[in-house]
Amino acid sequence: MPVRVHLSSNLRGPTGGVAEVEAEGATVGALIDDLDRRYPGLGDALRSGVSVVINDLLIAHPDYEPVADGARIYFVPQTAGG
Amino acid sequence: MTVTEPKPSYKYIGTRPVRHDGVEKVTGRARFAADLNLPGQLHGIAVRSPHAHARIVSIDTSEAEAMPGVKSVITGDDFPAVAPGDRNYDMCVNVIARDKVFYEGHAVAAVAAITREQAQQAAAAVKVAYDVLPPVLTIDDALAPGAPVLHGHMLTAGADPPAEEPSNISNITRFAGGDLDAGFAAADLVIEREFTTQPVHQGYIETHACVADTGQDGHTSIWCSSQGHFNVRSSTATLLGWETTRIRVIPAEIGGGFGGKTTIYLEPLAVAMSAKAGRPVKMVMSRDEVFRATGPAPGTRLKVKLGVQSDGNLVAGDAYLIYTNGAYAGPGGLLGAMTVFESYDIENFNIEALDVVINTARSAAYRAPAAPLTAFAMETLLDEVATELGIDPMDLRLQNAVTEGDPSTMGFPFARIGFVECLEAIRDHPHYTAPLGPNQGRGLAAGYWFNIGESSSATVNLNEDGTATVVTGSPDIGGSRASMALMAAEVLGIDVYDIRPVVGDTEAVGFTDVTEGSRATFATGMAVVEASRKMVVELRGRAAKMMGVDVDDIDWVDGQAVYTGSDGEKDPLPLAAITGKAKRTGGPLTTTGSLEAHGAGPGFAVHLCDVEVDQETGVVRVVRYTASQDAGTAIHPSYVEGQIQGGVAQGVGWALNEEYIYDSDGVMENPSFLDYRVPVASYLPMIDAIIVEVPNPAHPYGVRGVGETGIVPPIPAVANAIHNATGCRLRDLPMSPIRVLDAITSNGGSKGA
Amino acid sequence: MSRVHVTCTINGDPIEFLCDGGQTLLDALRDEVGLTGAKEGCGTGDCGACSIVMDGRLLCSCLALAPEADGTTISTVEGLASGDDLHPLQQCFLEGAALQCGVCTPGFLVAAKALLDRNPDPTETEIRYGLAGNLCRCTGYDKIVRAVQTAAQTINES
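Line order of the protein sequences matches chains A, B and C. Quick note on the numbering used here: the first sequence kicks off at 1 and runs consecutively. Quick note on the numbering used here: the second sequence kicks off at 83 and runs consecutively. Quick note on the numbering used here: the third sequence kicks off at 836 and runs consecutively.
Because the hints were derived from the structure by calculation, they are not lab data. Quick caveat, the model's predicted, so the values are computed rather than measured. A few of these clues could be false.
What the hints assert, rightly or not - Interface residues of chain B toward chain A, partial, derived using beta-carbon atoms under 7 angstroms: (1) Gly-260; (2) Ala-264; (3) Phe-266; (4) Ala-268; (5) Lys-387; (6) Phe-494.
Stated by the list, open to error - Label-pair distances were calculated between CB atoms; the ranges are: (7) C:Pro-849 <-> B:Asn-119: 22 to 32 angstroms; (8) A:Glu-22 <-> B:Pro-517: 42 to 52 angstroms; (9) B:Pro-517 <-> C:Thr-958: 52 to 62 angstroms; (10) C:Asn-954 <-> B:Ala-659: 48 to 58 angstroms; (11) B:Glu-486 <-> A:Asp-69: 23 to 33 angstroms; (12) A:Asp-44 <-> B:Glu-274: 27 to 37 angstroms; (13) A:Ser-48 <-> B:Asp-814: 50 to 60 angstroms; (14) C:Thr-958 <-> B:Val-701: 16 to 26 angstroms; (15) A:Glu-22 <-> B:Leu-225: 34 to 44 angstroms; (16) B:Asn-119 <-> C:Asp-848: 42 to 52 angstroms; (17) B:Asn-545 <-> A:Pro-2: 48 to 58 angstroms; (18) B:Val-701 <-> C:Leu-900: 50 to 60 angstroms; (19) A:Glu-22 <-> B:Tyr-402: 27 to 37 angstroms.
What the hints assert, rightly or not - Sample of chain B residues facing chain C (criterion: CB under 8 angstroms; computed from the structure): (20) Ser-303; (21) Phe-593; (22) Trp-638; (23) Gly-724; (24) Gln-727; (25) Ile-769.
Using N, Cα and C, we set each Cβ at its ideal position, and we do this for glycine too.
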């Protein structure tokens, strides 16, 4: 089942500026692989320095995070701190 | 304290015990890195570049090596080569320069000798031939056509189309949402302003220091002051090309960090010299070195434009942000872009942020990096909007504040956040309506910071007498050990003083990321809670064995195993009774918690500042200050208040006084606490800290990080107060007496628009 | 270079040490005498982390030369408590959470003791000016000032 994926606007180059796309994958890592097939180049953009928000939780290193049916996934830049 | 909703009643969380490391600190016995000396120890000193930008032609160490007492001299050649573009290149060549120096104070060599004086003399005898290059010192220098390019390999990341030629722009970040033109077309009021700010230093009172001891077997121990000893280990290993297991890092007490001790400077030099000399090497930076070679937070030029409807509804925002990150690529602009409009619901926006490199020390993180500056721009603009539209500045913020479910600039919906609650706490405080005296003004401003999670580990060891030792990997920079003990006490049900919280070295506890991003009490606290909960499971099992009952019939209540089964009454077993029999019930009682913490809840703060302006001298005095902040749940309220108050003091210094001043060659002109003036006690009033508690759903006790957000609102709060007192809008930092006086004079000397 | 022999009283104990003529008193206390409570935050007398009292005068020990200590009576943070009994200032700093990182704390305690010895009942303003030679970057001074107020009250009531 495809899920809806939202990209922060700095990550939309490979989608031609489209903010929300669909993709499939049981984990965030698999989702990124699928996104890269659909939008070549997007995989590289999402594999470094990017976090996700799933179910209200900000997750910094999400590769193996499971993706449930109907989930909404938000890709956002990674933050830092002092 | 403002409690916004009913919360579970805790026995220990929310109380204010004396911190466990306190007595050692008030008696002068706590060991900071510079307090440690080892037998046979040498003293190491770095040789630093007097030039801001130069090619190193040659380094002649022969004279220094021949001097009395000198045991080791090293240069960049003593470290493995690192290729430009390698992901560790910046960190490695910042610690010790290779072919080029990029700022005044850049280390080019280091010397170790029997006495510090011998090392100083030898350092002066190291002959470095430089081919001096023109320095790039300002944003304009960096962006000028034909500007000298610092790094020939640096292509702008995020450029569209992709960069083909190197430049001084390391990164471009763009965020956009909605329809900007339509947003501004729908606005009744459009205001655009430009702001400039200068680099500032974190200003921790303890200078960087370490002692490294490399043994005959090639293993090294490093005692040092850092915000993250695991990071010291990995970074030092990277620089030396060593396996991680060759290095053990033992955290000393740390005398302040504020982000500035999240990176390394001295440790690889000390280890390399110790390995070469076969003796321990101690290095302690002078304050002068700290100013010239470490820290600063970025300087900026910010242009922000807002479109507002006459009822106060924000409809469009456009930001163009430039951050200097010192000599190497840094995240200032990216973080500025992520924070500038984050607190308000603005449907149509465009943000473009540039990160540029210049010939000043490599920027380090400083408490909510980048956010105080975007808040300066955004929150003073809001104040101007409120004045123009005749709306109360509080109402304008309440009307536009983000709440749960509103989209962030990055698109995701906010979870439960406490911004509105922080605004209301200030609105309802007597300060908000208190009368002002002559020449006084009042300023309101808000601030936001993400907070982060990352990896943390904790070990809980129960001792034979029923006390507990809680070991974590998070250096304690503001009282976090007390918080760890409180959370463990809450789970285990034993007195907080029966728990000894300690910070373990890299071989004594699981991997733990740097104490940064306000993460220690949040993330390491989660690890402590996890380890403590596992311990309760273990204790129930042991108690079941001792009572001869099924474990499912044992509850853990208030530090005791309580039998809940139907087989009659049984005396509860207190924790000490179980630990005393541990040998007979299965052995030592040890549990660990290691995790990657998800869901760091964002922190919001709202500040209210009264200033008094001397109309003849331009001197601004902060006369009253009230600050509210959402802590989620305050584990130790005194130290939450302390974080808020400390952030305010640093922010006020940033607003009014602090700045790096360079001459035209890029030499810092104010590298001392005499000339770089941080606030002293007589400069500040009491700071009334209001803790707001909107629990973070992702933490077992609702914790949000509190370390950073408090530094975000003070700059605009002070600026808005100055406007309220004088009618003058100051948009350049610091708002020093001369700038304030100039503004008053050009404004006709009276309270104007 | 021959070393200078210094005889003085530190925290009530007779102390002898050898130092270099150009060595600061701070370095001599830390490296020759082994009292590391005084800290070097700046080395230029601007931060107060190395505060001590010499012959009744509050002093940044980084600004004095070690040979100047000869024949003097010195007190440092290590001499503030009597055995296991903390000085009221130390107790109030602990209970009032008046320290975070704690590196400036020894200097503040010594300066606050000197202030209360001189002025047992200072106003808030007098405390703030009395401690203006000491930098704290963590606390914003609020809890430090309050701790000194409470300590003054405790001392005056005892």
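Query - Contradicted hints - numbers only - result: 1, 2, 3, 4, 5, 8, 9, 13, 16, 18, 20, 21, 22
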